[in-house]
Each structure stands twice: as C-alpha cells, then as structure tokens.
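Chemist: In the order they appear, the protein sequences are chains A and B.
Take the first sequence: its position 157, counting from 1, is numbered 394 in my numbering, and each next residue is one higher.
Take the second sequence: its position 237, counting from 1, is numbered 474 in my numbering, and each next residue is one higher.
Hints are supplied without guarantee of correctness; some may be wrong.
As the list makes no split between identical chains, a pair holds if one copy fits it or if it spans any two.
As the list claims (entries may be wrong) - Listed below are the simulated DSS-like cross-link pairs for lysine-lysine, each with C-alpha atoms no more than 25 Å apart in a straight line:
1. Lys275 with Lys360
2. Lys360 with Lys265
3. Lys325 with Lys360
4. Lys397 with Lys265
5. Lys521 with Lys275
6. Lys271 with Lys360
7. Lys331 with Lys292
8. Lys247 with Lys271
9. Lys423 with Lys265
10. Lys252 with Lys468
Don't read these hints as lab results, they were simulated from the structure.
There are 2 protein chains.
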Amino acid sequence: MNIIDILIEKTIKTKNPTVVGLDPDIGKIPEFYKSEVKSQDPFEAVAEVIYNFNKDIIDTVFELVPAVKPQMAFYEKYGSRGVAALEKTVAYAKSKGLVVVEDAKRNDIGNTAEAYADGHIGKVEMTDGSFVPAIDADFLTITPFLGSESLRPFYNVCIKHNKGVFVLAKTSNIGSGEIQDVITPKGITVSQSIAQSISTQAERFCGQYGYSPIGAVVGATYPEEAAVLRKMMSKSYFLVPGYGAQGGGAEDILPCFNEDGLGAIVNSSRGILYAHMREEERQKCYREEYLQSVRRATIYMRENIYGALKKEYPNMVY
Amino acid sequence: MNIIDILIEKTIKTKNPTVVGLDPDIGKIPEFYKSEVKSQDPFEAVAEVIYNFNKDIIDTVFELVPAVKPQMAFYEKYGSRGVAALEKTVAYAKSKGLVVVEDAKRNDIGNTAEAYADGHIGKVEMTDGSFVPAIDADFLTITPFLGSESLRPFYNVCIKHNKGVFVLAKTSNIGSGEIQDVITPKGITVSQSIAQSISTQAERFCGQYGYSPIGAVVGATYPEEAAVLRKMMSKSYFLVPGYGAQGGGAEDILPCFNEDGLGAIVNSSRGILYAHMREEERQKCYREEYLQSVRRATIYMRENIYGALKKEYPNMVY
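Please model the complete structure; the sequences and the hints are all you need to start from.
Modeler: Right, here's the structure in full:
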C-alpha cells in the first residue's frame with residue numbers, strides 16, 4: 238500500500254489529521270525522567286532520558302494519532318548517542334503502528350543529496366556491497382534552497398522505497414517571506430514556484446485516495462497563501478506547522494485541507510509536550526500526572542481540529 | 238585567538254587556501270579498507286572503514302592543508318554509527334592541528350535552530366544541568382531558506398564559543414539560480430540579499446586580519462556573481478565549492494579572494510579522494526599507492542590555486 242494511503246487510513250481511523258512532534262528538550266522534560274536515569278556516561282544518560290520520554294509519549298498517544306514527528310535537531314545535538322535515541326524512537330513508534338515523519342530539513346546536491354535520501358528513507362551500501370535501511374523513517378522534510386535538481390534524488394528514493402517527503406514551501410515563521418515570498422520571473426512567489434515543481438513530481442506517485450506522499454510543508458500561520466498552494470498542489474499532502482504554540486488556530490489550518498477532510502496533517506510539538514502544564518508543575522509532577530496531561534492535550538487538539546474540519550467540510554470522508 | 242585567525246595562520250603557513258573534503262563513500266573507497274575490517278556488525282564495519290579511511294587521509298594531508306571538511310551526509314546516512322565515525326574524525330583532525338569545517342547545511346527556526354547550533358558548534362545541556370560540547374566542529378555550513386531570523390541562533394553561538402558558519406549564499410550547482418538569482422524588491426538577487434544580512438553580522442565578530450568567521454558559501458562556478466558578493470561581504474570568509482570535479486578552474490576562484498590572498502578557502506572532495514585514479518585502479522591498489530595519489534592531488538591543488546593567486550595578487554601576504 239502506498240505510504241500516503243497508510244497515513245490516510247490511520248487518519249480516518251483515529252478521526253485525527255494531526256501529528257505529535259517528538260522534540261525532547263532536556264531542559265523542559267519533567268525532572269523524574271532525569272532522576273531515574275541509570276547510565277553513568279553523560280551522553281548515554283541523555284540518550285536514555287530522551288528514549289524513555291519518547292516511549293512514554295508514544296505509549297500515551299499511539300491510539301489517538303496517526304503519526305509522530307521527531308525533530309532531528311533535538312537528537313543530533315547530542316551526536317551519535319542522540320541519533321541512537323532517534324533510531325530507537327523511530328523503531329518503537331513503527332512497532333506501535335505509527336507513521337514516522339522525520340523533520341530534518343535536509344538539503345544538498347547530487348550524490349550528497351542521494352546520501353541523505355538513502356540514509357533517512359532509503360537503503361545504504363554496506364562493506365559487502367549489500368543495501369539495507371538505516372534510519373528508515375516513513376517521511377522526511379527537505380529544503381529547496383539549492384533548486385529543484387537538489388530535490389530529485391529524494392523523489393526518486395520515495396518512489397523506489399515507498400516513502401514520502403515534505404518539501405519546505407511556505408514555512409510558519411515570521412521571517413519566512415524574506416526569501417519565500419519574493420516574486421520570480423514567472424510572476425509567482427518562490428513558494429509557488431516550488432509548489433509547481435512539487436506538483437509535477439507528485440503526479441508520478443499517487444495512492445488510492447488520489448494523494449501523493451511527495452508533499453509540502455505549508456505553515457498554518459499564512460492561511461491565504463496556504464489556500465493558493467492547496468490549489469497548486471492538488472495531489473500533494475501537506476505537513477502543517479504553526480498550530481498552537483506558534484499562533485495558528487483551528488480555522489487557520491482549514492485552507493490546507495480539501496473537502497474530503499484530507500490533504501494535510503497538522504503538527505503540534507510544544508503544545509502537546511510542554512505547554513499545557515506550567516513549567517514548575519511539570520518539573521515537579523509524577524509520571525502518571527504528566528502523561529495524563531499529554532493525553533488531554535492530544536485529545537483537545539484532535540477535537541479542536543476535527544470539529545473545525547467537520548463544520549467546514551460536512552461531507553468529509555471521516 | 239579568533240577561529241578565523243587560526244584558519245588564516247594555517248593558510249599562510251601551508252601557503253594553501255584550500256580544504257580537503259572528507260566524503261567517505263563506501264562504494265568508492267579502495268577495496269583494501271573494506272577487506273581489513275574487523276567488526277562483525279555491518280554498521281560498525283562501515284563506521285570502522287569510514288574512520289580508518291579518514292584517518293589515513295588526515296595523516297596524508299595534515300601538513301599540506303589548513304582544514305578538512307567532512308560532509309555530514311556521508312556519515313549520517315549510516316545513522317548513529319556513522320555519526321560516531323564523524324565524531325572520531327573531527328577529534329582526530331583537531332588533534333592533528335586541522336581546522337574542521339562541518340558541511341551539514343542545517344536550517345530551522347527558534348529553539349530548533351538553537352539545538353543545531355549548540356550540538357554542532359556550541360554546548361549542549363546534560364541531565365545534571367551542565368553544558369558540554371557535543372560534535373564540536375570549528376565551522377558549520379547553514380542554509381538561509383527560512384530567513385535571517387533562522388540564522389541568528391547560529392551567529393550567537395559563533396560569538397559565544399568562538400566558532401564560525403558559512404551561510405549558503407550562491408551555491409555551485411547548475412540549478413542554484415532557481416531561487417538564489419531571483420530579484421528581491423530591493424533590486425538585488427536573493428543571494429545578494431543574504432550577503433547583506435551576513436555582512437552586518439560579520440561586523441560583530443572579526444579577528445586581527447580583519448576577517449570574520451561569519452562567512453558564506455560562494456560557488457567557484459559563478460565567478461561574476463562571486464565578485465559582486467566579495468564586495469558586499471568584505472569581512473566574511475568564503476567557503477568555495479565547485480573547484481575541480483564540478484568544473485571550476487583556478488582562475489574561477491580568484492574573485493572570491495582579496496588582494497591579500499585571503500578571504501576564501503577552496504574545497505575539493507572527489508578531486509582529492511576519488512578522481513585522480515581510475516575506478517578500477519583505485520579498487521585494486523595498495524594503501525601506499527592510494528595515499529601517494531591523494532598526496533599528489535592535494536599538492537597539485539595547492540600549486541594550482543596558489544600559483545593562480547600569486548599571479549593575480551603579487552603582493553598577497555603569503
């Protein structure tokens with residue numbers, strides 16, 4: 238089954254087009270995870286905390302959401318031990334039936350872009366000449382700054398290994414327009430020009446619901462631009478950051494969806510993991526109390542987004 | 238001493254404004270590295286080959302060049318074991334007195350950008366609240382697609398920890414103009430607009446030669462654009478890809494330099510590691526023969542570039 242259909246069917250089953258971000262920030266993770274740690278080596282200790290934290294979050298949300306989105310920066314910052322925690326997290330999330338969107342915003346050209354694509358969503362060559370999966374995420378976020386030639390190796394790996402990418406098209410941050418809103422010689426913005434290129438590629442690889450895992454990142458904070466991009470990339474799935482902590486509300490995400498209630502998954506990271514308990518409470522609380530708050534935040538997000546979608550698109554497919 | 242002065246003094250001492258790329262590609266590394274491997278685990282075996290290969294390259298070039306540039310994609314593609322090989326490579330290169338430029342083209346916003354900056358060139362928080370270096374490269378390449386706000390956390394870490402960044406301004410690939418050459422409302426290209434923003438930041442942090450480690454990536458393949466960018470970023474050091482395998486010659490890199498013969502370091506990766514022996518010869522050769530060819534290619538590159546610079550700028554400082 239096309240990976241996008243797997244994501245869609247999980248979305249329909251959970252009635253939840255959202256994804257929980259796994260951004261393990263050591264400074265914000267509740268204290269009890271740190272006091273319970275067994276490893277003596279400081280980097281191993283961090284990796285242990287990160288994995289135990291993620292495992293609890295996954296156990297709490299896996300029946301409520303279709304997917305999780307580990308943000309690579311929070312793992313990679315601890316080097317190899319952090320990346321090992323990411324690998325364990327990816328494997329555990331998949332074992333619980335979750336789709337894994339790895340947010341790494343990678344970009345490069347030629348054989349270097351191929352190396353990123355192979356490692357994150359494809360297969361890599363071993364010393365005996367065999368090829369095996371390495372990180373093996375289901376989706377990867379990528380950056381188009383080097384031009385569409387830099388994206389092609391990722392598209393090819395998607396089609397070969399039944400994986401997906403979300404290309405940054407219009408990001409949610411305040412300064413995103415600095416480059417992304419500049420008007421190209423075609424009379425459209427850089428974002429829209431990227432959208433055209435994504436759209437052509439998306440046609441190459443679609444699932445049974447008519448969507449493609451060759452998708453785009455489109456921020457919830459620019460709903461008018463999102464509406465334009467939605468039309469331009471009719472088959473591409475959108476990954477939508479900017480909901481919650483960054484200021485986007487449930488109405489703001491509507492233009493990213495189609496009338497079938499599909500076409501996008503909305504991310505929340507800090508809003509689920511850190512924002513719903515006051516810092517002091519979170520640091521002092523017990524596991525059960527903390528995870529109940531994560532569960533409540535996840536359900537609240539589902540109800541908020543599903544409610545807004547159902548109101549806007551009463552004939553949606555779920 | 239400012240990290241840029243360390244790079245400059247090594248450049249003057251070796252009479253060599255170049256950097257050897259460490260792009261360990263398992264499919265291209267000579268066969269003897271693979272047949273000598275001791276690890277049973279396939280990913281450990283790859284990491285062992287990568288590190289042994291890099292160690293030999295470093296031992297061969299450390300007295301000839303000021304710096305090496307590991308390309309993160311070739312390590313990260315093997316997940317945590319690959320990143321462990323990178324960490325060992327960075328430490329070994331530094332122990333041999335080399336400056337380490339980590340080519341990772343990272344980009345993100347807010348606390349995620351901070352996480353990248355902290356991990357690659359700063360310090361990271363441990364479970365006991367202390368902060369220690371993780372990957373600890375000297376320089377990191379970063380991508381400006383998310384706007385200048387996304388670059389600020391990296392600049393701040395540079396200044397705090399005496400490190401450097403090379404921001405992608407004009408890349409060497411054929412399709413780089415798709416986004417980078419688009420004209421902004423200011424009447425200049427996206428590349429030039431990025432250059433303006435880098436230049437302002439570079440002023441904040443300069444060494445005794447008048448240069449800043451807040452630098453830019455400017456491709457050798459667009460010498461006319463490089464000349465414009467050189468003027469716009471008078472204090473920023475340039476990392477120059479595109480020489481050799483990508484088609485740029487010694488004359489093409491001249492506009493990236495100033496009359497003092499400083500201001501840039503030129504990278505060659507495949508041209509040093511893989512291009513000077515035919516594929517079949519390289520796979521069958523012995524260590525000594527292979528490393529002699531690496532040494533010859535490194536010296537040839539130095540003579541080629543130093544010769545062109547000396548001819549153009551007879552009063553350069555070395």
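Chemist: If you check each hint against the structure, which ones fail?
Modeler: 8 and 9
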